[in-house]
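Asks: If you want the building blocks of each chain, they are given just below.
There are 2 protein chains.
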Amino acid sequence: MDLIQIYECFCDRTRLRMLHLLTVSPLCVCHFQCILGEPQVKVSKHLAYLRSRKMVVAIREGNWMIYSLPQKRASELENNLRCLRDCVRSDAIFRRDLKKLAALRKSCCEPAAVFALASR
Amino acid sequence: MDLIQIYECFCDRTRLRMLHLLTVSPLCVCHFQCILGEPQVKVSKHLAYLRSRKMVVAIREGNWMIYSLPQKRASELENNLRCLRDCVRSDAIFRRDLKKLAALRKSCCEPAAVFALASR
DNA sequence: TGACTATATTCCTTAATGAGTATATTGATT
DNA sequence: AATCAATATACTCATTAAGGAATATAGTCA
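Note that the protein sequences, when read in sequence, are chains B and U.
In this text, residue positions in the first sequence follow the numbering used here: the first is 30, and each later residue adds one.
In this text, residue positions in the second sequence follow the numbering used here: the first is 30, and each later residue adds one.
Hints were generated in silico from the structure; no laboratory data involved.
These figures come from a predicted structure and were not determined experimentally.
The C-beta atom is built at its ideal place from N, Cα and C for all residues, glycine as well.
Please note: incorrect hints may appear among the correct ones.
Stated by the list, open to error - Now the stretches of chain B that chain U is said to cover, found in silico as 3 or more residues with beta-carbon under 8 Å:
hint : segment
1    : 41 to 50
2    : 101 to 109
Unchecked claim - Not close to chain U: a few residues of chain B, all C-beta gaps over 10 Å, as computed:
hint : residue
3    : V58
4    : L65
5    : G66
6    : P68
7    : K74
8    : A77
9    : A87
10   : E90
11   : G91
12   : W93
13   : S97
14   : L113
15   : R125
16   : K129
17   : R134
Put together the whole structure using the sequences plus the hints.
Replies: Have a look at this one:
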């Protein structure tokens, strides 16, 4: 994997928050919409961007698309994701994202099956 | 310091190589030209880009401009620079850059005073 | 089949980026 | 003052990015 591509993916705040969330659990589009508070188009397009660069993979589950980090990740990606988590540990927005995610995992509407996949 | 800005600076290969080199030693424009094999404009403009985002600082030394990482660096920057060095440890281009730098430090033409500053 | 839900894609506009060419600036030297 | 060396800036062009609005697609369920 090309380092530059990783940084290109990282250099938009929305994508950064998405990737950060994906380090915790696979998620579907509606989860992102809900947690990030961003419109569907925006979420969907950023996911397409990430997908085209092999930073995430997607599988369909009925009506839902479940996005996750690739099973097998280049070490550069691993390193940078770890670094990211480190850097945002005390960042208000990223912390709130994690909280919202935790809440979703309990309360969740529908595609709760998603979270079963989190056992990677 | 804003994480996004860091990644924006990181997402061009020339800038990435520059920052990587600066983790070793302050350097002037002509050093970058020589090590990277890129024309003066390109080097100069990328340095301006980095400077405008506070990723590097510059001081004048006669005809030369000496660029270095800021003395006091945000922890995010430190983390990411460390991560970068880690990621490129076995990368051919980055390794060659380091070799060329080492060579320059011995043979160097003129603004050798630069390297005295490396004792940070 | 037809409506519905979740998601993706297209089109458009605006702004930013990267590279090259030419030119300007600034300090040093004679 | 004139010249030179090192570096910076302005201008132009092509490419990419980001967002919004509208529309398309693909599964699901009655």
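Asks: Hint numbers the structure violates, sorted upward?
Replies: 14
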